[in-house]
Amino acid sequence: MEGAILQTIQLTKSFDGMQPVLKEISFSINKGEVVVIVGPSGCGKSTFLRCLNRLEEIDAGEILLDGENISEAGKNIYEYREKVGMVFQSYELFPHKTVLENVTLAPVLVQKRNKRQAREEAEKLLKRIGLLEKKDMYPRQLSGGQKQRVAIVRALIMNPEILLLDEITAALDPEMVREVLQVVSELAREGMTMIIVTHEMDFAKAVADRVIFLDKGEIVEEGEPKEFFSYPKTERAKKFLNTFHYEALEI
Amino acid sequence: MQDSGIQVLFQGINFVRLLEGLWVSLKLALVSMAFSMVLGFLMGILMAGRNRIVGFVCRVYLEIVRIMPQLVLLFLVYFGAAKHLGIDISGELAAVIVFSFWGTAEMGDLVRSALISIPKHQYESGYSLGLSRMQLYRHIILPQTFRRLLPSAVNLLTRMIKTTSLAVLIGVVEVVKVGKQIIDASRYENPKAALWIYGTIFILYFAVCFPISKLSTVLEKKLQV
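Chains as they are written, first to last, in the working numbering: chain Y, 1 to 251; chain F, 252 to 476.
Mixed in with the good hints there might be a few duds.
As the list claims (entries may be wrong) - Subject to a maximum C-alpha distance of 30 Å in a straight line, what follows is the list of computed BS3-like cross-link-like pairs (lysine-lysine):
{"id": "1", "chain 1": "Y", "residue 1": "205", "chain 2": "Y", "residue 2": "127"}
{"id": "2", "chain 1": "F", "residue 1": "465", "chain 2": "Y", "residue 2": "97"}
{"id": "3", "chain 1": "F", "residue 1": "473", "chain 2": "F", "residue 2": "413"}
{"id": "4", "chain 1": "Y", "residue 1": "127", "chain 2": "F", "residue 2": "473"}
{"id": "5", "chain 1": "Y", "residue 1": "135", "chain 2": "F", "residue 2": "371"}
{"id": "6", "chain 1": "Y", "residue 1": "83", "chain 2": "Y", "residue 2": "135"}
{"id": "7", "chain 1": "Y", "residue 1": "83", "chain 2": "Y", "residue 2": "205"}
{"id": "8", "chain 1": "Y", "residue 1": "97", "chain 2": "F", "residue 2": "472"}
{"id": "9", "chain 1": "Y", "residue 1": "23", "chain 2": "Y", "residue 2": "83"}
{"id": "10", "chain 1": "F", "residue 1": "473", "chain 2": "Y", "residue 2": "97"}
{"id": "11", "chain 1": "F", "residue 1": "443", "chain 2": "F", "residue 2": "431"}
{"id": "12", "chain 1": "F", "residue 1": "428", "chain 2": "F", "residue 2": "413"}
{"id": "13", "chain 1": "Y", "residue 1": "97", "chain 2": "Y", "residue 2": "124"}
{"id": "14", "chain 1": "F", "residue 1": "371", "chain 2": "Y", "residue 2": "112"}
{"id": "15", "chain 1": "F", "residue 1": "334", "chain 2": "F", "residue 2": "431"}
{"id": "16", "chain 1": "Y", "residue 1": "115", "chain 2": "Y", "residue 2": "135"}
{"id": "17", "chain 1": "Y", "residue 1": "115", "chain 2": "Y", "residue 2": "97"}
{"id": "18", "chain 1": "Y", "residue 1": "135", "chain 2": "F", "residue 2": "473"}
{"id": "19", "chain 1": "Y", "residue 1": "115", "chain 2": "Y", "residue 2": "127"}
{"id": "20", "chain 1": "F", "residue 1": "413", "chain 2": "F", "residue 2": "472"}
{"id": "21", "chain 1": "Y", "residue 1": "23", "chain 2": "Y", "residue 2": "239"}
{"id": "22", "chain 1": "Y", "residue 1": "31", "chain 2": "Y", "residue 2": "112"}
{"id": "23", "chain 1": "Y", "residue 1": "97", "chain 2": "F", "residue 2": "371"}
{"id": "24", "chain 1": "Y", "residue 1": "31", "chain 2": "Y", "residue 2": "124"}
{"id": "25", "chain 1": "F", "residue 1": "371", "chain 2": "Y", "residue 2": "115"}
{"id": "26", "chain 1": "F", "residue 1": "371", "chain 2": "Y", "residue 2": "23"}
{"id": "27", "chain 1": "F", "residue 1": "334", "chain 2": "F", "residue 2": "413"}
{"id": "28", "chain 1": "Y", "residue 1": "226", "chain 2": "Y", "residue 2": "239"}
{"id": "29", "chain 1": "Y", "residue 1": "205", "chain 2": "Y", "residue 2": "226"}
{"id": "30", "chain 1": "Y", "residue 1": "83", "chain 2": "Y", "residue 2": "31"}
{"id": "31", "chain 1": "Y", "residue 1": "115", "chain 2": "F", "residue 2": "473"}
{"id": "32", "chain 1": "Y", "residue 1": "31", "chain 2": "Y", "residue 2": "216"}
{"id": "33", "chain 1": "F", "residue 1": "371", "chain 2": "Y", "residue 2": "83"}
{"id": "34", "chain 1": "Y", "residue 1": "83", "chain 2": "Y", "residue 2": "115"}
{"id": "35", "chain 1": "F", "residue 1": "443", "chain 2": "F", "residue 2": "428"}
{"id": "36", "chain 1": "Y", "residue 1": "238", "chain 2": "Y", "residue 2": "216"}
{"id": "37", "chain 1": "Y", "residue 1": "216", "chain 2": "Y", "residue 2": "233"}
{"id": "38", "chain 1": "Y", "residue 1": "135", "chain 2": "F", "residue 2": "472"}
{"id": "39", "chain 1": "Y", "residue 1": "83", "chain 2": "Y", "residue 2": "112"}
{"id": "40", "chain 1": "Y", "residue 1": "216", "chain 2": "F", "residue 2": "371"}
Bear in mind the hints are in silico, worked out from the structure with no lab data behind them.
Please build the complete structure, drawing on both the sequences and the hints.
In structure tokens form, the structure reads like this:
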């Protein structure tokens, strides 16, 4: 596809010879596009992101970044990961390093960037998310929402071509969800290419250019957020979306 | 003034001899600890690894060390080596061998548990930033392992220092042995020496171990992550 930045062709993944978790997923995302993946838990959405970052080996299929097949054996996996940023659910900052050290570690080590310059950029990014004054604190001194925002900055400073966000608000207290999603929305507005796995349906509706509904390891439905959330075409998607409507509860 | 027996500490060079004995005890403990740290680290890494056979062997070794009293091990190495292998090793060497054998097992288990207590996500977020395996261990995993390890390693050191007193039973002249010699030498002119000598030894052990375990508590607080 023209303009596709990241693409998978019939990506298949299973664990220990069990039923495949992902069945021949063919997917692509264009530069600047925000794709939100939704689906019931266990549908394979997290595994899909982890495969995209090659934290999981895939069984079959291809992953292409800028048209280059990076799932081949012998490809430099580290160089690839540099270009694909990832933020996890449990905001794993490095607990023995300060906020600033967390952010500057990879640019200095991996990209061999000048320490001072990395520091300056880190400060600039921290300032943007309103956490500059916390730069010398340790992660344990931050709230969950603050940690997650730092984790986003830590991925951003590598200037990734694409950002993968894996349920980044699932472990947060409700009042902190907003501050994190705010940062993500701003990134989306600035044209950052992102694949987002989330359970926040309202957020998905607001930020997504395209929604993908994944169930039992397959892409069941795919479309514009407005259409998908208001008029889902498939039974499975309808059923899934219904679980978010509490008025449907039988009390 | 009634004769309390305290003068035994100040007769001749008795007190200096006690300190020398203490130094022998500390040397045994420090040398054994050094071996235990290096070997224990390797063992811990092996135990935390995925190889089942290696893990099983390490496990058996650890259990043997834990159920065997160190005294039995000391006798086994010191007398056993002489009788059955015809090797005449000094008491000090036998003690270092046994205490290192014991310390390595304990240290190995501490390293293992420190390593596996690092969450999987620490590895993953390191990798996802593009860090290589070496960089990941050097900057992320090992520093955290050290921090988690420090308090329990210091604790092991104080146990090691106290346990060296067993070496007296294979003829090593360390602080307890020196004390016994002084008591024996002055048994007739000063029958109350034992209280003062053993009391002093108690204080000496305390003076060494207390600061170390205090340091461990401070480090624990300071380095908690």
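So, going through the hints one by one against the coordinates:
Using a Cα cut-off of 30 Å, the hinted pair residue 205 of chain Y and residue 127 of chain Y holds, with the two alpha carbons roughly 28 Å apart. The suggested pairing of residue 465 of chain F with residue 97 of chain Y holds, with an alpha-carbon distance near 25 Å, which does not exceed 30 Å. Of the pairs offered as hints, the one joining residue 473 of chain F and residue 413 of chain F holds, with about 26 Å between alpha carbons and a cut-off of 30 Å not exceeded. Using a Cα cut-off of 30 Å, the hinted pair residue 127 of chain Y and residue 473 of chain F holds, with the two alpha carbons roughly 28 Å apart.
Distance restraint check for residue 135 of chain Y and residue 371 of chain F: the Cα-Cα separation of roughly 25 Å lies within the 30 Å cut-off, and the hinted pair is therefore satisfied. Simply put, residue 83 of chain Y and residue 135 of chain Y have alpha-carbon atoms about 25 Å apart, close enough for the 30 Å limit, and the pair holds. Our distance criterion of 30 Å between C-alpha atoms is met by residue 83 of chain Y and residue 205 of chain Y, whose separation comes to about 27 Å. In summary, the hint linking residue 97 of chain Y to residue 472 of chain F is supported, as the alpha carbons are separated by about 16 Å, within the 30 Å threshold.
For a cut-off of 30 Å, the pair hint linking residue 23 of chain Y to residue 83 of chain Y stands: about 25 Å separates their Cα positions. Between residue 473 of chain F and residue 97 of chain Y the CA atoms are separated by roughly 14 Å; this keeps the pair inside 30 Å, and the hint holds. A hinted pair counts as satisfied when its Cα atoms are at most 30 Å apart, and residue 443 of chain F with residue 431 of chain F qualifies at roughly 13 Å. Only pairs whose Cα atoms come within 30 Å are accepted, and residue 428 of chain F paired with residue 413 of chain F is accepted, the gap being roughly 14 Å.
Of the pairs offered as hints, the one joining residue 97 of chain Y and residue 124 of chain Y holds, with about 19 Å between alpha carbons and a cut-off of 30 Å not exceeded. Between residue 371 of chain F and residue 112 of chain Y the alpha-carbon distance is near 26 Å, which keeps this suggested pair within the 30 Å criterion. With a C-alpha separation of about 27 Å, the suggested pair residue 334 of chain F and residue 431 of chain F falls inside the 30 Å cut-off, and the hint holds. The straight-line distance between the Cα atoms of residue 115 of chain Y and residue 135 of chain Y is roughly 15 Å, inside the 30 Å bound, and the hint therefore holds.
The hinted pair formed by residue 115 of chain Y and residue 97 of chain Y meets the criterion: a straight-line CA distance of about 15 Å does not exceed 30 Å. With a C-alpha separation of about 19 Å, the suggested pair residue 135 of chain Y and residue 473 of chain F falls inside the 30 Å cut-off, and the hint holds. Of the pairs offered as hints, the one joining residue 115 of chain Y and residue 127 of chain Y holds, with about 18 Å between alpha carbons and a cut-off of 30 Å not exceeded. At most 30 Å may separate the alpha-carbon atoms for a hinted pair to count; residue 413 of chain F and residue 472 of chain F meet this at roughly 25 Å.
Under the criterion of a C-alpha separation no larger than 30 Å, the hint pairing residue 23 of chain Y with residue 239 of chain Y is consistent with the structure, at around 21 Å. Our distance criterion of 30 Å between C-alpha atoms is met by residue 31 of chain Y and residue 112 of chain Y, whose separation comes to about 26 Å. Between residue 97 of chain Y and residue 371 of chain F the alpha-carbon distance is near 17 Å, which keeps this suggested pair within the 30 Å criterion. The straight-line distance between the Cα atoms of residue 31 of chain Y and residue 124 of chain Y is roughly 24 Å, inside the 30 Å bound, and the hint therefore holds.
Between residue 371 of chain F and residue 115 of chain Y the CA atoms are separated by roughly 28 Å; this keeps the pair inside 30 Å, and the hint holds. Between residue 371 of chain F and residue 23 of chain Y the CA atoms are separated by roughly 26 Å; this keeps the pair inside 30 Å, and the hint holds. A C-alpha spacing of about 28 Å is found between residue 334 of chain F and residue 413 of chain F, which places the hinted pair at or below 30 Å, so the restraint holds. Among the hinted pairs, residue 226 of chain Y with residue 239 of chain Y is consistent with the structure: their alpha-carbon atoms are about 17 Å apart, no more than 30 Å.
A distance of roughly 7 Å separates the Cα atoms of residue 205 of chain Y and residue 226 of chain Y; the hinted pair therefore holds under the 30 Å criterion. The suggested pairing of residue 83 of chain Y with residue 31 of chain Y holds, with an alpha-carbon distance near 13 Å, which does not exceed 30 Å. Straight-line distance between C-alpha atoms of residue 115 of chain Y and residue 473 of chain F comes to about 27 Å, which keeps the hinted pair within the 30 Å bound. At roughly 28 Å between alpha-carbon atoms, residue 31 of chain Y and residue 216 of chain Y fall within 30 Å of each other, so this suggested pair holds.
At most 30 Å may separate the alpha-carbon atoms for a hinted pair to count; residue 371 of chain F and residue 83 of chain Y meet this at roughly 22 Å. With a CA separation close to 20 Å, the supplied pair residue 83 of chain Y and residue 115 of chain Y stays within the 30 Å bound. For the proposed pair residue 443 of chain F and residue 428 of chain F, the alpha carbon gap of about 17 Å is at most 30 Å, so the pair holds. Of the pairs offered as hints, the one joining residue 238 of chain Y and residue 216 of chain Y holds, with about 15 Å between alpha carbons and a cut-off of 30 Å not exceeded.
A C-alpha spacing of about 17 Å is found between residue 216 of chain Y and residue 233 of chain Y, which places the hinted pair at or below 30 Å, so the restraint holds. Distance restraint check for residue 135 of chain Y and residue 472 of chain F: the Cα-Cα separation of roughly 22 Å lies within the 30 Å cut-off, and the hinted pair is therefore satisfied. With a C-alpha separation of about 15 Å, the suggested pairing of residue 83 of chain Y with residue 112 of chain Y holds against the 30 Å cut-off. With a C-alpha separation of about 25 Å, the suggested pairing of residue 216 of chain Y with residue 371 of chain F holds against the 30 Å cut-off.
Against the hints set out earlier in the document, no violation occurs for any number.
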